[in-house]
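Using the sequences and the hints, build the whole thing.
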Amino acid sequence: MEKIVEQGLLYDFYGELLTEHQRQIYEDAVFQDMSLSELAKEHGISRQGIHDLIKRCDRQLRAYEDKLGLLARFSHIKKMVEEIESKTSQEEIRNLAAKILEEL
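Here the numbering used here is used: the first residue of the sequence shown is 10, the next is one more, and so on.
Hints are computed from structural coordinates only; laboratory data are not their basis. Just so you know, not all the hints are guaranteed correct.
The calculated PhoX-like cross-link candidates involving lysine-lysine, where the alpha carbons are at most 20 Å apart (straight line), are [unchecked claim]:
#, residue 1, residue 2
1, 76, 64
2, 88, 64
3, 108, 87
4, 96, 108
5, 87, 64
6, 12, 64
Here you go:
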């Protein structure tokens, strides 16, 4: 999985477990694509401090996934529903599969 996509998915599942400060900087770095210099200036922290914080957040999010496996389960269920949807010709089942995918 591409790193930025993985970071986004892990954040979607586990981001609320980070502190507010971590979330703010991580969101700016990953979703707003701000540079270390921009983040350092905005938050009054050194570039090295920003870099370390982002790496620490990445490790935390990955550790949560390793322990809980929510992203892996989500991906597995999504793949199974897509398979059901592609193999069936009954409109009612296809609609149900589409609805499940939307809710995921």
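Checked hints:
no. : hint        : result
1   : 76 with 64  : holds, 18 Å
2   : 88 with 64  : violated, 30 Å
3   : 108 with 87 : holds, 11 Å
4   : 96 with 108 : holds, 16 Å
5   : 87 with 64  : violated, 29 Å
6   : 12 with 64  : holds, 13 Å
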